[in-house]
Structures are given as C-alpha cells and as structure tokens.
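Numbering (numbering that gives the first Met the number 0), first residue to last: 0 to 422.
Derived by calculation from the structure, the hints in this document are not laboratory data. The beta carbon of each residue, even a glycine, is placed where N, CA and C say it ideally should be. Treat each hint with caution, since some may be false.
[As the list claims (entries may be wrong)] What follows is a list of derived Cβ distance ranges for each label pair:
#: 1; residue 1: PHE161; residue 2: ASP232; range: 26 to 34 angstroms
#: 2; residue 1: ARG245; residue 2: ILE42; range: 36 to 44 angstroms
#: 3; residue 1: GLY276; residue 2: LEU128; range: 51 to 59 angstroms
#: 4; residue 1: SER335; residue 2: VAL41; range: 37 to 45 angstroms
#: 5; residue 1: ILE129; residue 2: SER384; range: 22 to 30 angstroms
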Amino acid sequence: MTNVFRSGPARRVSSAIRDATRPIHKPLQLVTNNAQPTALYVIRLTLTAMAAYTIATLLPGQVAKPLLAPLTALLVLQFSMIETIRAAGRRIASVVAGVLIAVLLSMTLGFNVWTLGAAIAAALVFGHLIRLGDAILEVPISAMLIFALGAQTEAGAIDRVFETIIGAATGLISGLIASPIHVRPAAAEVDDLARRMGGLLERMAKGLEEGEEGRRAEAWVKESRVLSREIQDVDQSLDRAEESVRLNPRAQGQVQKAVSLRNGLETLEHIVLTMRGLTRSLADRAVQPHLQGAAYEHEERQRLAATLCELSQGIQCYGRLVSADVSGDADEYDDSLERHLRQGRAQRDRFAEVLRPEVGVQTAEWRLHAEMLVHLDRIMDLLQSESRVRARERNQRRRRTRRQFVPTPSLRTRAFRRRGRVS
C-alpha cells in the first residue's frame with residue numbers, strides 16, 4: 000500500500016504524540032498566553048496608583064490622605080489606550096457630578112440619612128441623563144466618598160476634583176507609555192488555529208489510507224464543529240488586538256497588521272465551513288449500503304488521502320504566512336503554499352478520475368463524489384486567492400517604503416534641470 004505521508008513511521012509517531020497531547024495543549028497555551036498580560040496589567044495598575052498618590056500629596060494645602068487620586072487611576076487604566084481614554088472621561092464626569100451633588104446637599108441640608116438618600120437618587124438620575132451606562136454607579140459612589148472623606152466644604156470639594164484629575168491624568172499617561180499591543184499574540188492564535196485545521200485534514204488522510212473512514216467519519220464531523228467554536232475564540236483575541244492599536248501612539252504600523260490578521264481569520268473561517276461540508280459528505284458516503292462501511296475503494300482512498308495531505312500542509316503554511324505578515328518575514332512561505340496548492344490540484348484531478356463510468360449522474364454516489372470535489376476546489380480557491388492578495392499587498396508596501404527613502408531633488412535643482420543647465 001502506497002503511503003502518502005513522506006516521512007513514514009516518523010510522521011505517524013509525531014501525529015500520535017500530537018493526538019495524545021491535544022487535550023492538554025490548548026488549556027496550557029491559554030494559561031501561558033493569559034498569565035503574562037495579566038501579570039503586566041497588575042504591575043501597571045500598582046505602579047500607576049502609587050504614582051497618582053505621590054503626585055496628589057504634592058498638592059498645596061493637602062491634609063487628608065489623597066486616596067481619591069489612586070482610586071481614580073485604578074478605575075481609569077484599562078487594557079487598551081482607547082478604553083483608558085473612555086474610562087477617563089467617564090470617571091471625571093462621574094466624580095465631578097458626585098462632588099457637586101454631595102457639596103450642594105451637605106451645605107444646604109447637612110448630612111443625615113435623608114441627605115444620603117437624596118444624594119444617591121440625584122446621582123443616579125444625573126448618571127442616566129448623561130448616559131454613563133455601566134459607569135452610572137460611579138456618580139453615587141463619588142458622592143458617598145465626599146461624605147466619607149469629610150470634603151463637604153468648597154475647598155475640600157475642589158481638592159477632591161483635583162485628586163480625580165490627577166488620577167485620571169496619571170492613568171492616561173500610563174496608558175500612553177505602557178498600553179500593551181496584542182497583535183503578536185493574536186497572530187500566534189491564528190497560526191495555531193491553522194495548525195489544528197491542518198491536523199484534522201491530516202488525520203482524515205491517515206484514516207482514509209488505513210481504510211478507517213467509515214468508523215472515524217462521525218468523529219471528524221464533530222472535530223470540524225469544534226473548529227467552528229474555536230474560530231470564535233480567536234475572533235475575540237483579534238478584537239482585543241484591534242482595540243489595543245486604536246489611538247495608541249506606540250502602535251505605529253500595527254493597524255495594517257491587525258487588518259491582515261482579520262482577513263486571514265475570515266479566510267480560515269470560510270475554510271472551516273467548507274471542511275464541515277467535506278466531513279459531512281465523507282460521513283454520508285460511508286453509510287452507502289453497497290460500500291459496506293468504507294467511503295471509497297482502495298485506489299480512491301489513496302488519491303483522496305494524497306489530496307487531503309497536500310491541503311493539510313497548505314492550510315498550515317497559510318497560517319504561518321498570515322502570522323509572518325506581522326513579523327515581516329512572509330516571503331519564504333509564499334513558494335511553499337504555491338507548491339502545496341499545485342500538488343493538491345494535481346492530486347485532486349487524479350481523484351476526480353476514479354469514479355466508475357457505470358455510475359449514473361442521478362445516483363447518490365455520483366452526487367456525493369461531486370460534493371467532495373466541490374469542497375476540495377473551494378478550499379484550494381480560498382487559499383489561492385488570499386495568497387495572491389497578500390503577495391500584492393506586500394509588494395505595494397515595499398514600493399511605498401522604497402519611495403520614502405528615494406532622495407528628492409530640491410526645487411532649485413529641478414528648475415536647473417528643466418532649463419538644461421544640469422544633466
């Protein structure tokens with residue numbers, strides 16, 4: 000029996016190892032990817048709060064501990080710069096509103112339980128009027144902090160407002176300096192998704208080669224559904240990456256990379272949908288009565304397995320191509336992807352020829368065979384078109400970069416040239 004896997008036993012051993020470690024690989028990777036950003040976020044919050052408190056203590060006439068400054072800094076600082084700016088605006092608006100409400104009520108009515116209730120009600124109504132949304136509770140909380148800190152006087156209220164501004168400004172500066180950019184982690188997740196997609200096709204090719212497709216077909220259908228759910232997880236990571244580059248001065252050149260990742264993920268999503276149809280067609284064919292639990296005969300299985308093997312390598316190569324667009328070394332994967340697509344089309348053509356001539360076009364066998372060919376062509380067309388688009392975009396970026404470094408003659412030199420004085 001011809002083996003479609005180039006490295007023979009070594010390839011099967013590595014595949015078995017991946018199958019055995021797959022249940023723990025994803026959780027461990029998630030823990031590793033999430034632990035580092037969380038640790039950095041904790042450090043950023045701590046240092047930002049300490050800096051806000053230190054700056055607030057420098058206010059002239061400061062007597063009480065300026066705890067509102069670090070509290071505001073903690074509430075303002077978010078994972079991304081755009082979220083930090085939004086939080087700063089909400090926090091300043093809510094604190095100023097809470098301070099004004101608390102000062103007005105305490106100066107006119109004094110402090111008692113009725114004043115507290117009136118302050119909370121007025122703060123909630125005001126929060127609804129200015130549409131604070133989820134931050135609406137910060138207005139009554141700020142009012143109660145004013146009561147608790149004993150700042151019902153005009154001078155105390157002004158100090159609290161200054162503390163809030165200091166805390167918000169400190170949070171904004173911290174966001175400008177150290178807001179993380181999540182483009183590279185998102186690129187790694189896209190690459191990992193492509194590896195898992197290619198792994199499914201590789202296992203399908205191995206099962207076809209061994210004649211086990213009838214027994215494993217339903218399991219492959221379930222795995223393709225799992226891949227659809229994993230697309231959503233990667234999509235959320237990419238949302239965070241896109242959010243992290245918005246209004247972030249440290250994210251120069253990262254916006255286009257985030258767009259490239261989004262396009263790559265959309266292509267992989269279309270491929271996953273096609274793979275679901277592919278596995279479903281294979282499972283439907285395996286239950287045909289005359290095939291006795293095997294989707295195809297020996298020669299047909301070998302040719303389909305060879306096609307799936309090339310597609311597996313092509314999808315994994317495409318994942319590396321998408322992630323390499325972020326790091327800037329994508330050229331080396333273009334040729335590999337083209338080679339796998341070329342070989343995949345050749346194997347697909349060989350597979351298309353194996354249908355027996357006596358099979359009529361109205362039979363279920365013929366329709367399922369045609370479905371398989373359509374799914375295979377769809378995957379290769381998606382990879383082909385996206386590969387060409389990416390190559391064209393990289394060439395355009397290179398031309399723009401070269402034009403930036405071409406020395407431009409001065410106006411006087413160009414004038415002399417027009418007059419023929421300078422050759």
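Hint-by-hint comparison with the structure:
For PHE161 and ASP232, the hinted distance range of 26 to 34 angstroms is not satisfied, since their beta carbons lie about 44 angstroms from each other. Checking the proposed 36 to 44 angstroms range against ARG245 and ILE42 shows it is violated: the Cβ atoms sit about 23 angstroms from each other. The beta-carbon spacing between GLY276 and LEU128, approximately 52 angstroms, falls within the hinted interval of 51 to 59 angstroms. Distance hint check: the CB atoms of SER335 and VAL41 are about 41 angstroms apart, consistent with the given range 37 to 45 angstroms.
Taking the beta carbon of each, ILE129 and SER384 are about 48 angstroms apart, not inside 22 to 30 angstroms as hinted.
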